[in-house]
Amino acid sequence: MAQITLIEAVTQALAYEMQHDQSVVVLGEDVGVNGGVFRATQGLQKKFGELRVLDTPLDETTIAGVTVGMAAQGMKPVAEAQFEGFIYPMMEQIACHAARLRNRTRGRLTVPAVFRAPWGGGIRAPEHHSEANEHLFTNIPGLRVVMPSSPARAYGLLLAAIRDPDPVMFFEPKRIYRQYKEEVPDDGEALPLDVCFVLRDGTDVTLVTWGAQVKECLETADALAEEGISAEVIDVATLTPLDFDTIAESVSKTGRCVIVHEAPKTAGFGAEIAARLAEECLYDLLAPVQRVTGYDTHIPLFRQEMKYLPSVERISAAVHKTLAVS
Amino acid sequence: MAQITLIEAVTQALAYEMQHDQSVVVLGEDVGVNGGVFRATQGLQKKFGELRVLDTPLDETTIAGVTVGMAAQGMKPVAEAQFEGFIYPMMEQIACHAARLRNRTRGRLTVPAVFRAPWGGGIRAPEHHSEANEHLFTNIPGLRVVMPSSPARAYGLLLAAIRDPDPVMFFEPKRIYRQYKEEVPDDGEALPLDVCFVLRDGTDVTLVTWGAQVKECLETADALAEEGISAEVIDVATLTPLDFDTIAESVSKTGRCVIVHEAPKTAGFGAEIAARLAEECLYDLLAPVQRVTGYDTHIPLFRQEMKYLPSVERISAAVHKTLAVS
Amino acid sequence: MSIAATFEIQYLQYLDPEGKQVRDDLPAFAEDTEHMVELYKLMVSTRVFDAKSVALQRTGKLGTYASCLGHEAAHVGIGSAMAAEDVLAPSYREYGAQLYRGVQPREVYTYWGGDERGNDYQNEPARHDFPWSVPIATQCLHAAGSALAFKIREEKRVAVCTIGDGGSSKGDFYGAINIAGAQKLPLVAVIVNNQWAISVPRHIQTGAETLAQKGIAAGIPTIQVDGNDIIAVRKAMGDALERARNGEGPSVIEAVTYRLGDHTTADDARRYRGEDEVKDAWTKDPVVRLRAWLEAKGVWNEEKEEAWKAECDEWMDNEVNAYLENKAQPTSAIFDYTFAEMPEDLARQREQAIELDRQ
Amino acid sequence: MSIAATFEIQYLQYLDPEGKQVRDDLPAFAEDTEHMVELYKLMVSTRVFDAKSVALQRTGKLGTYASCLGHEAAHVGIGSAMAAEDVLAPSYREYGAQLYRGVQPREVYTYWGGDERGNDYQNEPARHDFPWSVPIATQCLHAAGSALAFKIREEKRVAVCTIGDGGSSKGDFYGAINIAGAQKLPLVAVIVNNQWAISVPRHIQTGAETLAQKGIAAGIPTIQVDGNDIIAVRKAMGDALERARNGEGPSVIEAVTYRLGDHTTADDARRYRGEDEVKDAWTKDPVVRLRAWLEAKGVWNEEKEEAWKAECDEWMDNEVNAYLENKAQPTSAIFDYTFAEMPEDLARQREQAIELDRQ
Ligand SMILES: Cc1ncc(C[n+]2csc(CCOP(=O)(O)OP(=O)(O)O)c2C)c(N)n1
Ligand SMILES: Cc1ncc(C[n+]2csc(CCOP(=O)(O)OP(=O)(O)O)c2C)c(N)n1
Ligand SMILES: [Mg+2]
Ligand SMILES: [Mg+2]
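Chains as they are written, first to last, in numbering that gives the first Met the number 0: chain Z, 0 to 325; chain D, 0 to 325; chain G, 0 to 358; chain P, 0 to 358.
If you're looking for bench data, these hints aren't it; they were derived computationally from the structure. Treat the hints with care, as some may be off.
Label-pair distances were calculated between CB atoms; the ranges are [what the hints assert, rightly or not]:
#1 Gly187(D) / Asn317(P): 49 to 55 Å
#2 Met341(P) / Glu274(G): 34 to 40 Å
#3 Arg270(G) / Asp185(D): 20 to 26 Å
#4 Ala54(P) / Leu50(D): 32 to 38 Å
#5 Pro329(P) / Ser229(Z): 35 to 41 Å
Derived DSS-like pairs (lysine-lysine); straight-line CA-CA distance at most 27 Å [to be verified]:
#6 Lys155(G) / Lys45(Z)
#7 Lys306(Z) / Lys326(P)
#8 Lys46(Z) / Lys19(G)
#9 Lys60(P) / Lys306(Z)
Quick reminder that beta carbons are idealized off the backbone N, C-alpha and C, glycines included.
Bound conformation, chain Z alone:
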């Protein structure tokens, strides 16, 4: 079996599901002949035709609204925003309709759609191409917000997202699109959308993260291990609805938690996890929860972006800070 990258896993999941379910369609800007600017939809139009892999006019509002309309009439659209920085024009359709049509109509009409977008910084991209704005969607009821961080999880979670009867925001950390390969059997097996994944067991501290920062956290855990510190690493994967139990269990065990994300700190999704810990695990906490995040500024253009993104050094420093408390 071939080893594939995260982006190839996305393509593989799309192809699998389009093959097995006629109601699945892909739409967005440049998704057709070009196969998407990152090649996520490479080869799909050739296989499934111009209508099921539809190049749209350049208007994200249109893409989102048409997606809602199709979904409500029985299709399973997978819409692409070319970059997460261009998802804003989709907000009205997502918040007012996709996320609530089921609720508004007492279940009469539903929106089984996926909104995909390449997410985050670290690839030396131009202005507005490096946003990490998942927070926009995490306070909207009726949405699932999902972020894969490995080829296998990209495949399994995307399949689950497409099959889910409700709308799913699916954010792909573009920084690790091609970072490494792994074997991902094309067996159509979905992964659950209601669990966090414990990627590494540990006893001294829990690192909670998602997306591109999973890699940084695993590397930090490696480095810490050399110092004799045992870090548990959790990939949240599905931010909302959140599987807090898995996190709580881990932090109850380790007593210490460092939350790592790329978005700005204030009101980033890390706040929710820290808040839950303060509410439900207060007595298990041996030290204040730490957040290692982007700063409360716009991500700088690429000449300085690495200074903005959480690094192994910054995560490590936070871990040491929490361990210093006894």
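With the hints as your guide, set chains D, G and P with the ligands onto chain Z.
Leaving out everything else, chains D, G and P with the ligands in the frame of chain Z:
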């Protein structure tokens, strides 16, 4: 001096600033002859003309983009979204330009604009007219998110918002637009945008809230006082950038904190405050932080909305829960 | 200078304000007087229904309500031209079209009475239609998306959206007709131009002489019709639907009418528009006009009118009673339609809310 | 049927692809051959600049870069027609217009080199222009807002936005021309139709025969011009600017051209378009065309061409050096432009970041 309501205070602040600063203009849907659907701009067009109080075509994207353009060219626009549920089409202009033009151009162009919107539920309004979605803006660097909760604070904070050299989201809790009157001298005195207001001193527990829930919290504090419980009440007023120090000082004193807001719980702005407490005041906390909020659902249509909104009973119950811990 | 393209916007009218027929080439459906009487009856029942709604609101039994007074020809014309399998994506006052498609007055009351069940239309074909869309113009894209679904599935169905003069300023409207034009989707977008968007008059919305010409921007057929003349509306709809069903793509129709009432019951139109204008608009009343034409043809009279109105009154009273008897939803209903499957956290919140209710 | 409105889209061209003049009525500015030579020289320097940028990217000294190859007549035509006090709101490849208005090549390099200082144009009039706008079409509303500011302040200035064929599908473009039409704002919106939006061809964007006709939807004057003929572009711009300056309101101009290069250096156009099409487009090269015309007039020749190119090379080398010598901003710069006044929390984060850097 006449006693005025919160909405009248908004009008008074707009009129004052338009009178004293020629660059201030008001724009939005129905803001002209009609004076806004809530009468926030009543009488302004008559006084300042059709161009400085401009009825726009029905397109919030247009309103937001034109606001950015005018502001960058030296005006101080105050734009209105008719309800906060209709602010979504403004998101792209707010996030990509208003909040970052200063940063993008290293200070060459700036956006001294205010985006006003009636906010929240509780007035038996139709579908999509009761949203509390301030969270959308709190993770966006470069924005101030402000919410007044009394006529005097509406006047002073709105003046400050208009004068601020950066963009301000100004959300007006429509539920208390006309709830009570107070004396608000039309003296052009602004209030600071970087402080939380301690509205009531207390020693046993700190209630942290904003917007329409300030009233609920003050009522709860009254009720608690009868039981001999002394609650401190903080009106956050400016959510971002947050004056955490005032909150920290209070919670360090009381050891207990209940955060109250109308938006859904998960990833609402209450999470940020709870997270900060967990990070910076962990050892002062005598009990887990509680959040009393809207549920993680869409606010129901009005026949059920009061069940959704935080009530004195729910806040009170949370206070008792935190006091039960010793 | 050479000419790259030329365009023409046609205006269609069969009945003038007095109900006099101004053209000889009546469409086939209009030759069928029995059918025209049916349409007339629905226009009347729509008006009776509407008056009842306003009355309910005035007596505190309904929340804010958006009246359709004056739009009866446009709305019934739209609804009656559509096939059952077509899909309607309305804004919030197209009751005349919706009643035709099976929406029940009690559902309208339930919705404006602050209860989500009003959006859960029980009868086909409305059951597969979209619910009222309050966020302006968003429904146009739902119709475009539906049309795309029909095209992909090779179904001979058409999606219809309605939009106001004000709404036609919003980017979504443009996006919808644009993708429909590019992909030749079976979409009919009807601009119900009632001259006002709450307090904002038509001329502040746009510098365009007609709203119909917005269709030119999308390169699609477009026409302006007298929106108070149901024959004109219905004819233009019929033509557009037929083209769409035959794979010939989308159309725009501007139906010129007038909002005779306030924007909603929360509005007071006297604040911003003169009485003369409204008085003048009443002389173009779509109901009076069709009645005059039908009476001239000898197929309608005062007696029938009274009988039908009485029937409508009874119908509406019945609907009102059904509405008023309807108990509020249980607390659990706040939670139960958020996801197909209830997340654990939400289930806990649900339990808490139910518990709180018990106390 | 009666006619509600009629429209005509004119097409303007003075020079054919061979540089042959196809009309006698040359505009005054074009009679001034010295001026035309100046325009030609800027078209050439723009092309030299562009080639240098691509080369810089290929050698790893620049990030992704959006080339303007083939757009020189359109861009220089736009920029040269504007008055200094006017405002330009470009998208991301209108260097020809921007160089004319004082943007320095080193600023362009700085921007695409991943440094915000590139947006901080130092020279007037560019200093009051908008920076590049990556979120498609958003700049059109900035121009409309600027135009509104000019109107309110009674300044005789015009705002100009440029937008691509793809971008003209986005709601913002429609919103901008619509409010401009409704309020008669001094706005000129130029659609630079280069046939492609990354990989999406013009016909997938819209069913409209011309993009110019989008102006009809806003009820404003609109024209289609040969975008490879700088005389046509400049003439249409001049007329539109004059109308706007005189209070006669906004215009749309469609400049028909072709994107001869890849969308950006991150793109490979061979994936989605045929070589024949590109070859054909090269026969309409705007630079060759103007040169032929100037040479026929006897005011330009090979020698002058070589001399000017050499001068441009030197200029660009100088700019490149200035760019490459520019040190990265200090860490504090990540924080310093977020607000006019630094919030306390942010100041703490700033200190931490600087501290981290020191380690
Ligand atoms: C996105 C959005 N913005 C604002 C509103 C508030 N609003 C409700 S109806 C209306 C006017 C609509 O006018 P028009 O489109 O002409 O339709 P009409 O009410 O006349 O049928 C406005 C501004 C809204 N519902 N949605
Ligand atoms: C809102 C938004 N969506 C998507 C993109 C990604 N994108 C960048 S350029 C482009 C195509 C633009 O085509 P066109 O408007 O024709 O301009 P051209 O590049 O041809 O000059 C796209 C889709 C973007 N920058 N902004
Ligand atoms: Mg209207
Ligand atoms: Mg293009």
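To see whether the hints hold, each was checked on the structure:
| no. | hint | verdict |
| --- | --- | --- |
| 1 | Gly187(D) / Asn317(P): 49 to 55 Å | holds, 53 Å |
| 2 | Met341(P) / Glu274(G): 34 to 40 Å | violated, 57 Å |
| 3 | Arg270(G) / Asp185(D): 20 to 26 Å | holds, 25 Å |
| 4 | Ala54(P) / Leu50(D): 32 to 38 Å | violated, 49 Å |
| 5 | Pro329(P) / Ser229(Z): 35 to 41 Å | holds, 38 Å |
| 6 | Lys155(G) / Lys45(Z) | holds, 26 Å |
| 7 | Lys306(Z) / Lys326(P) | holds, 15 Å |
| 8 | Lys46(Z) / Lys19(G) | violated, 59 Å |
| 9 | Lys60(P) / Lys306(Z) | holds, 20 Å |
In the structure shown, a violation is registered for the earlier hints numbered 2, 4 and 8, in ascending order.
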